[in-house]
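**Q** Keeping their order, the protein sequence lines are chains A and B.
Note that our numbering gives residue 171 to position 171 of the first sequence, counting from 1, and the numbers run on in steps of one.
Note that our numbering gives residue 19 to position 19 of the second sequence, counting from 1, and the numbers run on in steps of one.
Quick caveat, the hints were computed from the structure, so don't treat them as lab data.
You may find that some hints are simply not true.
[Stated by the list, open to error] Selected chain B positions facing chain A (in silico; Cβ < 7 Å): (1) 6; (2) 7; (3) 29; (4) 31; (5) 33; (6) 81; (7) 90; (8) 92; (9) 93; (10) 97; (11) 101; (12) 108; (13) 112.
[As the list claims (entries may be wrong)] Facing chain A, from chain B, some residues (calculated, C-beta under 7 Å): (14) 30; (15) 61; (16) 96; (17) 100; (18) 105.
The model shown is predicted, which means the values in this text are computed figures rather than measured ones.
We treat Cβ as the ideally placed atom computed from N, Cα and C, and that holds for glycine.
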Amino acid sequence: MAGTDVAAVTDYAADIVPVLPSRMNRAVIAVVRIGVGLLWLQNVGWKIPPDFGRGDPPSGLYLSVSHAVTSEVFHPYARLVERLVLPNFTFFGWMVLLLEASLGAFLLIGLATRLWAVIGVAQTVVIMLSVLNAPHEWLWSYVLMLLVHLALFATAAGRYAGLDGLLRTYWQHSRSLWARWLVRVS
Amino acid sequence: MKTRDALDRAALVLGVVSMVSALFVFVHGNYQLVQIRAAGLVVALVLGLLAVVAGLLEERALTLATGVAFLLAAVVQLGLLVGSGSGLLGGNASTFSLWLGLGVGLVAIGTVPRPEPTEETSQGTA
């Protein structure tokens with residue numbers, strides 16, 4: 001019984017102690033989250049449907065993704081892009097647009113932030129595999145993108161000046177599966 | 001004195017964000033975070049104002065309705081992009097992203113049930 005009590009107290013303490021106890025640190029991580037949201041939000045603007053830059057000469061997203069083949073980073077990924085992505089580019093262009101627009105939207109308002117931070121990491125890796133060896137690219141810009149998404153995940157950044165912080169209490173008291181899932185991804 | 005619920009304040013802030021985004025009608029080039037033009041300016045201002053009013057009046061139904069309106073505007077903007085142009089709303093994918101965020105945020109706020117009002121307890125003077 002004593003062990004159970006200790007566990008209960010420990011869980012309770014984990015619930016009430018914020019990840020970032022300092023008000024200044026919380027403000028800074030909120031600014032970082034909003035900044036990263038704006039990064040995605042602005043950069044989805046140059047993904048222009050319906051051809052996404054597929055043409056002669058290629059431009060925009062099509063040119064960016066085709067660097068995976070012309071300036072190969074990782075051979076299996078280059079083959080995947082060459083054989084699957086580029087021939088079906090309208091579909092993949094829309095997927096990129098919807099994904100990056102959602103990254104901007106959800107990170108900006110701080111909703112389900114840890115989930116979107118992980119998706120941001122994955123999308124950054126995909127971008128890296130496409131453009132890392134392309135001319136005029138700077139390795140560290142993508143590494144920084146990767147690291148900042150990891151920081152958003154580790155700090156649960158949506159809990160500070162974000163909707164996660166406001167809504168978690170309601171989700172925690174709800175019995176619905178949806179609410180429980182939101183608690184986990186916030 | 002009754003203090004405004006944090007969720008109503010959040011609705012107010014999202015409305016202010018929308019109204020501030022209208023300033024990007026004057027911004028071009030690298031500093032244009034979101035493309036606001038044409039009827040999109042009206043969407044940003046009118047729906048932003050509605051969200052602010054919803055927050056001030058603590059009207060969750062209006063918050064929810066404004067969120068749904070933002071989502072509809074986002075879907076229309078996306079539909080206009082399919083037609084390979086900015087169209088009537090004058091936006092691009094960044095406009096879609098912003099309105100998606102504002103819409104989802106306001107809907108999330110608007111669907112949270114208000115707590116049941118509790119009876120005020122009189123403080124006795126022993």
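**Q** Determine for every hint whether it applies to the structure shown.
**A** These are the hints, each one checked on the structure:
no.	hint	verdict
1	6	holds, 5 Å
2	7	holds, 6 Å
3	29	violated, 11 Å
4	31	violated, 9 Å
5	33	holds, 5 Å
6	81	holds, 5 Å
7	90	violated, 13 Å
8	92	holds, 5 Å
9	93	holds, 4 Å
10	97	holds, 4 Å
11	101	holds, 3 Å
12	108	holds, 6 Å
13	112	holds, 5 Å
14	30	violated, 9 Å
15	61	violated, 17 Å
16	96	holds, 5 Å
17	100	holds, 4 Å
18	105	holds, 4 Å
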